[in-house]
Amino acid sequence: MTMPRRLVVGLVVAVCAVLSAGVVPATAQLLINGAGATFPYPIYSKWFDEYAKISQGVNFNYQSIGSGGGIRQITARTVDFGATDGPMTDEQLKAAPGELFHVPTVLGAVVATYNLPGNPKLRFTPEILADIFFGKIAKWNGARIKDANPNVSLPDQPIIVVHRSDGSGTTYIWVDYLAKVSSEWEQKVGRGTSVKWPVGLGGKGNEGVAGQIKNTPGALGYVELAYAIKNNLPAAAIRNQAGKFVEPTIRSTTSAAAGAAAEMPADFRVSLTNAAGDDAYPVASFTWLLVYREQPDEVKGKAIVNFLWWAAHDGQKYAADLLYAPLPAPVVKQIEAKLRQVVYQGRPLLAAR
Amino acid sequence: MAVVYERSGGPGAEAPILPPLVGARRVRRRFGDRGFRELTRGAALTLVVMVAGMAAVMAHAAWPSIRRFGWSFIVKSDWDPVAEHFGALPFIFGTLVSSLLALLIAVPLGIGAAIYLAELAPRGVRPPVTFLVELLAAVPSVVYGLWGIFVLAPWLRTWVQPALGHTLGFLPLFQGPPYGVGMLAAGLILAIMIVPFITAVSREVLLAVPRTQREAALALGATGWETTRIAVLRYGRSGLIGAVLLGLGRALGETMAVTMLIGNRPEISLSLFAPGYTMASVIANEFTEATSDLYLGALIEIGLLLLILTLAVNGLARLLVWSMGRGPMVVRE
Amino acid sequence: MTRLTTTRWRQRVSTVMGTLTAASAGAVVLPLVLIFGFLLWQGASAINVDFLTHLPKPVGEIGGGMANAIIGTLILLGLASLLGLPLGILGGVYLAESRDRRLPWAVRFLADVLNGVPSIVIGIFAYTLVVLPMRRFSAVAGGVALAVIMLPIVVRTTEEMVRLVPASLREAGLALGVPEWKVVLRVVLPTARAGIVTGAMVAVARIAGETAPLLFTAFGNRFWHQGLDQPIAALPLQIFAYAIAPYDDWHRQAWAGALVLIMLVLAVSLMARLVTRGRVGAVR
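Protein chains in written order, with the working numbering: chain E, 98 to 450; chain U, 1203 to 1535; chain Z, 15 to 298.
Bear in mind the hints are in silico, worked out from the structure with no lab data behind them.
Any given hint could turn out to be false.
Cβ-Cβ distance ranges computed for the label pairs, FRET-style [as the list claims (entries may be wrong)]: (1) E:V109 with Z:L48: 28 to 36 Å; (2) E:N216 with U:S1279: 48 to 56 Å; (3) E:K233 with U:E1469: 13 to 21 Å; (4) U:W1361 with Z:T21: 51 to 59 Å; (5) U:L1472 with E:E391: 38 to 46 Å.
Residues of chain E clear of chain U, computed beta-carbon distances all greater than 12 Å [said to hold, decoys possible]: (6) P223; (7) K233; (8) Y269; (9) K277; (10) E281; (11) S291; (12) D411; (13) D418.
Think of the CB as a built atom: it goes at the ideal place given N, C-alpha and C, for glycine as much as any other residue.
Excised from the complex, chain E in its bound form (with noise of 0.2 Å):
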């Protein structure tokens, strides 16, 4: 061989036993593993980096993979936790090989969003909404829609509705909300985290979602609040249960988990949609961690409790900057109160406190 080719060969050999190296681990690091929804990552990552400050040894991987990917994940047992924007149904719960718990972590807002010159704000209420994504309500200019809205001058455009097209959680909580608050897309269209959109285009994500609206005029769709601020769009007010139009703040989504507080059910899975109270903002939801009652393995089972309790008291302070509603006092009782139910061999895992 030639000099410098034997150079390349013996640089190419030198890299490979640096990078196999990295096979024997340096330190033997506790590493759980955790999948699921998109949508509170931002958050996750957050709080397993400062959690790892606080706890030694321990490492919180997790990646996001989509809510449905975490359910199946943690049926499956390929990881220690799962996270999901959308309830378990009875049939998934009873699919799982253990009883499953919900553990609520922060709260999010789906908002309407749109793309019109000047950038009013404007004010939904539940029936526009639904005939929007109908296509009922083709125009901006439209009657009903100029009735909620005296003030805006509308343009005479089509309204081109922007959805999701990959399932989500975030579909999920929007049309839980239509289909409360509008009979015929009950019956017509229904509820799920992949339904069949009457009009519109799918964009892939709710970046994709952003991303289609702010780059076509007379656009309409609705994305997770952060992704509304975070691009600049406009978030719509829509008229809540009690006849008020509320805007999508930290606030109004937090009042709309207080109203739901005093019905909570034990097992957590309820939907926050069209709550009840004057401050609530119609179309917030619930984000949950999906962990095993009876642990496997006690080391790890011990940790994920502790985060659990970490995140739902102090972990909630982060939640503000990044654009999610933390989690009402009520319910941090009652989630302390499933996390002592969480075993191994019989033995709670968390520590008297």
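Got chain E; can you put chains U and Z on it based on the hints?
Okay, now just chains U and Z, sitting in the frame of chain E:
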């Protein structure tokens, strides 16, 4: 006029003749040859087993859907996950049209670029441009998709689609409101994604054509282009077809970038401006969230259909090549 | 003589075709320039020493990078090549050299079909084959998925390159009494070497950017890899996760990651070419 012979190596043709084997050498040689032959055959069989295994696993998982819908799955257009009615026709249409569009754009450009890089480019230009083309193959498809949303689709919506609508709007191909995203955008991004494969492989094919072929044509008074056409392209024809099929395979199976640019609307429309949906996109979009066995089965049945579609398209292409004459022609030296 | 056969007309056609092919090359390179420009404009500011050497940080915190993803991608590419390249090259040699009647035809066909399978389906296949039995996500599963994707590309390009080696070279070797398998290994393959390497590099480039199959196999890891049987980070996964989030800081890191990925592939390609460059090559 030089004499041309049938080339060895076409489908099912004879290989070069071996010299006679006698005595002890025969045993040793048989062993080495046999071992090598079995080794390569084993490697090839792994591929067959893999594809067969994949098809079997998919058929098994798709069974609930196949049993429920039967043939209507292929001809119906209804896709309703909530009511659990599934029909795959719009996706089949979308896959075929977007891939066809991509090929129409990428094959002439890719082979043209390959000719340029192999034959006509000045020496200094060749290595950097070749590298650039190969780099294009390394761009992750999610980057293609996002570039498409931020750059390509707005450009189409603002300039290209209105222009096409004004000039060629009488054709049903170019009618409808300009969304930016849609079949045209998807076809374009696919073309951009498959062109590096076609170019890189075609270039290698053209470079491997023996110099004697070119010299023979030039000696007979052919111009540059004629030499390329008669001596080089025809000789490397099967390799070029291989390169195109490689690109086609990518186009049929591409998910991320297409799903960001096609509009994701399961509709069949004659217009290139309309949104559409491809088989790979719907699988990528809905697989992670599919819950019931029937829903999952329907998605996997689409995957199976894609496999069959790829089989059919490849079969058709091979038939075409075979009918054009078996293998390239070569001058025996 | 008719108009179409005068020398001047033919020469004119030749010049026009020359220009057209040059324009094609330009059209092919143009998107790359645009995309590269886009990535540079959006992400160049995020590439610094931190980016290349640190673990990821949550959004909003300065610093943090994709070091683990870079190493992870290299490991996955290495694993995939280890599995896919030998299998693919041997398979390609089989298709080009074998005298069997029907198997080569079937293999060629199926290779083309496999090439058209969406990468997410291959990921699901690898998930069923490797992850479920192992009960965990791992680098090995990711390597298997990527190897399956690269296999048809390597097989087909190897076949075409080996086929193009002139029969005379083969026959010369055989006439000298060299056994057939040695002719293939010592004469045919070295002659086709440059083309085979191109095919391999194109395949490596293709799998370097694949996200979907890794979602269910390698899974991704925010930390350093802890072994080949554990989840491992990869650049496409990290790019994807950041690109679909709403934060600008993460977007910039995503584009920077894409730039690093392309550079990585370029480096691997360069090295492969350097190592395999030889005096014996097809006539250039």
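Here is how each hint holds up against the structure:
1. E:V109 with Z:L48: 28 to 36 Å: 33 Å, holds
2. E:N216 with U:S1279: 48 to 56 Å: Given about 38 Å between the Cβ atoms, the range is violated.
3. E:K233 with U:E1469: 13 to 21 Å: 19 Å, holds
4. U:W1361 with Z:T21: 51 to 59 Å: Cβ of W1361 of chain U to Cβ of T21 of chain Z: about 42 Å, so the range 51 to 59 Å is violated.
5. U:L1472 with E:E391: 38 to 46 Å: 58 Å, violated
6. P223: Non-interface label stands for P223 of chain E: nearest chain U Cβ at 20 Å, farther than 12 Å.
7. K233: 18 Å, holds
8. Y269: Label violated. Min Cβ-Cβ 9 Å, cutoff 12 Å.
9. K277: K277 of chain E is indeed farther than 12 Å from all Cβ atoms of chain U, at 15 Å.
10. E281: At about 14 Å from chain U, E281 of chain E clears the 12 Å cut-off, so the statement holds.
11. S291: 4 Å, violated
12. D411: 31 Å, holds
13. D418: 26 Å, holds
Violated hints, listed in ascending order, are 2, 4, 5, 8, 11; each of the other numbered hints is respected by the structure.
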